[in-house]
Amino acid sequence: MHPDLVSVLRCPVCGDSLSLQARTATCPRGHAYDLAKQGYLNLLPSASTGIEGDSAEMIEARSTFLSSGFYAPIRDALIAQTTGEGLVVEVGAGTAYYLAGVVAASPGRSGLALDVSRYAARRAAKVDPQRIGSVICDAWRELPVRDGAAQVVINVFAPRNAQEMARILAPGGSLLVVTPNQAHLSELVEVLGMVRVDEEKERRLAESLAGSFEQVGSESVEVVMRLDHPAVERLVTMTPSARHLQAGELAERIAVLADLVEVTLSVTLSSWRTA
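Be aware that the sequence shown starts at 1, since it is given in the working numbering, and climbs by one per residue.
A few of these clues could be false.
Using C-beta positions, here's what the derived DEER-type ranges look like [claimed, not checked]:
no. : residue 1 : residue 2 : range
1   : A80       : S208      : 21 to 31 Å
2   : A22       : V256      : 47 to 57 Å
3   : P45       : E214      : 23 to 33 Å
4   : D4        : D34       : 16 to 26 Å
5   : Q21       : P240      : 38 to 48 Å
6   : V189      : L260      : 10 to 20 Å
7   : E214      : L260      : 25 to 35 Å
Rather than coming from a laboratory, the hints here were simulated on the basis of the structure. Using N, Cα and C, we set each Cβ at its ideal position, and we do this for glycine too.
Taking the hints into account, I'd like the entire structure generated from these sequences.
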């Protein structure tokens with residue numbers, strides 16, 4: 001991880017700034033965190049060490065599925081909504097697919113990929129080590145990022161800690177949130193036993209951000225994907241729905257689908273400013 005990216009982080013124990021010496025990030029009070037050999041930094045508080053993140057299987061499926069370009073319309077919409085330069089932080093970044101696209105769109109941008117999964121952190125650390133730093137942390141606790149360090153915060157299908165996201169945003173910065181609509185993957189939900197999208201998703205999003213943010217824009221991203229059976233399997237495996245299916249059950253359900261099935265990608269990209 002580049003030293004400049006470590007310098008925008010803060011110690012999860014005392015909140016002091018971190019600096020990188022050799023392969024160890026330290027704060028003025030002596031708390032130290034070694035870079036993993038894969039290049040990420042583990043700043044997960046001890047109180048969160050038992051939290052469950054995405055498994056190696058889920059991350060492998062996500063990496064392969066996203067690299068096929070099926071969710072590129074989401075990434076393209078995020079790029080179009082991101083202006084200016086500076087630090088972009090993605091909370092719940094996974095493999096950093098979306099973050100990498102936004103950072104690559106401007107030479108003046110850098111990024112931090114925050115995720116609780118060590119398997120996700122390993123992938124994100126390899127994307128662009130000079131411009132994107134990968135950090136393990138708990139989105140529901142204090143984020144290990146300095147106050148006002150980010151020009152943009154991205155949140156795609158991930159947990160949202162409104163107060164913390166507002167804290168790390170610079171004045172005038174933007175929060176970009178991607179949430180699924182009722183039509184999202186609707187062709188697969190019933191057949192494959194996937195988790196349904198909450199009908200109150202939009203209202204709950206507004207309530208969760210109220211007091212910290214005010215909405216300034218919203219757009220719908222909707223396309224039809226044509227997926228073969230391996231792509232469908234990877235799509236399901238990379239989502240929380242995979243945890244609700246027994247081994248072998250998913251393959252049996254996919255087998256009843258057409259060889260190429262049309263599946264709707266339908267999400268809302270909303271933009272927010274600090275209140």
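*Within 21 to 31 Å or not, the Cβ separation of A80 and S208?*
holds, 25 Å
*asked:* Quick check on a hinted range of 38 to 48 Å for Q21 and P240, using CB atoms only.
replied: holds, 39 Å
*asked:* Range first: 47 to 57 Å. Now tell me if the beta carbons of A22 and V256 are that far apart.
replied: For A22 and V256 the Cβ distance comes to about 56 Å; the hint holds.
*Taking the CB of V189 and the CB of L260, does the distance hold inside 10 to 20 Å?*
holds, 18 Å
*23 to 33 Å as the expected CB spacing between E214 and P45, which holds or is violated*: holds, 30 Å
*CB of D4 to CB of D34, is that within 16 to 26 Å?*
holds, 19 Å
_Quick check: does the Cβ-Cβ distance between E214 and L260 fall within 25 to 35 Å?_
This hint is violated: roughly 43 Å between Cβ atoms.
Hint check: a violation occurs at hint 7 only; the rest are consistent with the structure.
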